[in-house]
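Residue numbers (UniProt numbering), protein chains in the order written: chain A, 1 to 184; chain B, 1 to 184.
Keep in mind the hints are simulated off the structure, nothing from the lab.
One or more hints might be untrue.
Since copy identity is lost for identical chains, a pair holds within one copy or between any two.
[Unchecked claim] Below 25 Å or equal to it, Euclidean Cα-Cα: the simulated BS3-like pairs (lysine-lysine) are:
hint	residue 1	residue 2
1	K87	K56
2	K130	K161
3	K45	K87
4	K117	K45
5	K103	K161
6	K171	K56
7	K130	K171
8	K45	K91
Number of protein chains: 2
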Amino acid sequence: MTESAMAGGVGSEATRIMLGVNESTINGYPHASISSKGAFEWTLKKIIRSNPSGFKLLFLHVQVPDEDGFDDMDSIYASPEDFQNVKRRDKIRGLHLLENFVKRCHQVGVACEAWIKTGDPKEEICREVKRVQPDLLVVGCRGLGPFQRVFVGTVSEFCVKHAECPVVTIKRSAEETPQDPIDD
Amino acid sequence: MTESAMAGGVGSEATRIMLGVNESTINGYPHASISSKGAFEWTLKKIIRSNPSGFKLLFLHVQVPDEDGFDDMDSIYASPEDFQNVKRRDKIRGLHLLENFVKRCHQVGVACEAWIKTGDPKEEICREVKRVQPDLLVVGCRGLGPFQRVFVGTVSEFCVKHAECPVVTIKRSAEETPQDPIDD
Numbered sequence: 001m002t003e004s005a006m007a008g009g010v011g012s013e014a015t016r017i018m019l020g021v022n023e024s025t026i027n028g029y030p031h032a033s034i035s036s037k038g039a040f041e042w043t044l045k046k047i048i049r050s051n052p053s054g055f056k057l058l059f060l061h062v063q064v065p066d067e068d069g070f071d072d073m074d075s076i077y078a079s080p081e082d083f084q085n086v087k088r089r090d091k092i093r094g095l096h097l098l099e100n101f102v103k104r105c106h107q108v109g110v111a112c113e114a115w116i117k118t119g120d121p122k123e124e125i126c127r128e129v130k131r132v133q134p135d136l137l138v139v140g141c142r143g144l145g146p147f148q149r150v151f152v153g154t155v156s157e158f159c160v161k162h163a164e165c166p167v168v169t170i171k172r173s174a175e176e177t178p179q180d181p182i183d184d
Numbered sequence: 001m002t003e004s005a006m007a008g009g010v011g012s013e014a015t016r017i018m019l020g021v022n023e024s025t026i027n028g029y030p031h032a033s034i035s036s037k038g039a040f041e042w043t044l045k046k047i048i049r050s051n052p053s054g055f056k057l058l059f060l061h062v063q064v065p066d067e068d069g070f071d072d073m074d075s076i077y078a079s080p081e082d083f084q085n086v087k088r089r090d091k092i093r094g095l096h097l098l099e100n101f102v103k104r105c106h107q108v109g110v111a112c113e114a115w116i117k118t119g120d121p122k123e124e125i126c127r128e129v130k131r132v133q134p135d136l137l138v139v140g141c142r143g144l145g146p147f148q149r150v151f152v153g154t155v156s157e158f159c160v161k162h163a164e165c166p167v168v169t170i171k172r173s174a175e176e177t178p179q180d181p182i183d184d
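Could you put the whole structure together from the sequences, leaning on the hints where they help?
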């Protein structure tokens, strides 16, 4: 096989795969959601395989400001600094989430980058796709039925429609689905 | 890097990628549509890269019986055998379409299989996904606006919703889009 016959030869630029990852609704930070982990493992196993140098993974974690505040209903905020501290703490939690993915990449030998954005996950993911222009976006999804989907909003469906790059959504397997399928 | 650290190590089974391919609306058989070619080239360049032994491509071409008949409005059918001949000729045209993809795979050194089904493309693709259970389905799409989509029906959208495996749709680039975007 000649080099020219190979469409993606050794000399060509790495395929850049963006992964949207979030925290577990059951275990919270720094644990990744079941669907995020599934999407990551699928990418390693089925796409990257034994060719880590051919790929670069871009991890994006979007923090939802209001939702995070909800966990903290019992806290007392006495000064502007208290709010700053909460924000800082959330950021640190997000970093711990990303750290685990980055560690795993280093074990496997695949290059990666990871960063945090704040806002609406589906919109931030599409905005970052536009900015970063990955070759592929991989998003995990819970694989909910139509009735359940209405209540949780589906980041993956939005990305399939609006992200300006090829998108693949990876559904959780039946064995991985928690008792309440809304959990992740 | 140890073998165990690699999720998809050398010893693991090849990633099976199914590609739905169809003929060009402009040039007819045996020419593949622009979007089919785009999906195939994307798969080679961005996913398979320099690791052909890690993958197996499964090409499915679905022939639409009525649509093919339409090309032939001027023919005269005088006996049942005439219809048999048309069917045989269509099948041969479909085989020529697939032959080009299979040839390219052999050049690149990636294993492949190719076969033809008759029926409604979106339904046949989903049925074959269910039967064959690939790791990923890649479908090209024309990237039409919502108004144009209504008239042509979108195989890719249907597959994203209904195929029982991860699906990625590859849009044609602006440069590849013909003057009439319905053409492919």
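The hints, checked one at a time:
1. K87 with K56: neither (29 Å within a copy, 47 Å between copies)
2. K130 with K161: This pair counts as both: shortest intra-copy Cα distance 13 Å, inter-copy 24 Å.
3. K45 with K87: Neither: 35 Å inside a chain and 42 Å across chains, both beyond 25 Å.
4. K117 with K45: This pair counts as neither: shortest intra-copy Cα distance 27 Å, inter-copy 30 Å.
5. K103 with K161: Result: close neither inside a copy nor across copies, 31 Å intra and 34 Å inter.
6. K171 with K56: Both, since 22 Å and 22 Å are each at most 25 Å.
7. K130 with K171: both (24 Å within a copy, 15 Å between copies)
8. K45 with K91: Answer is neither; intra-copy 30 Å and inter-copy 37 Å both fail.
Hints 1, 3, 4, 5 and 8 from the earlier list are contradicted by this structure; the remaining hints agree with it.
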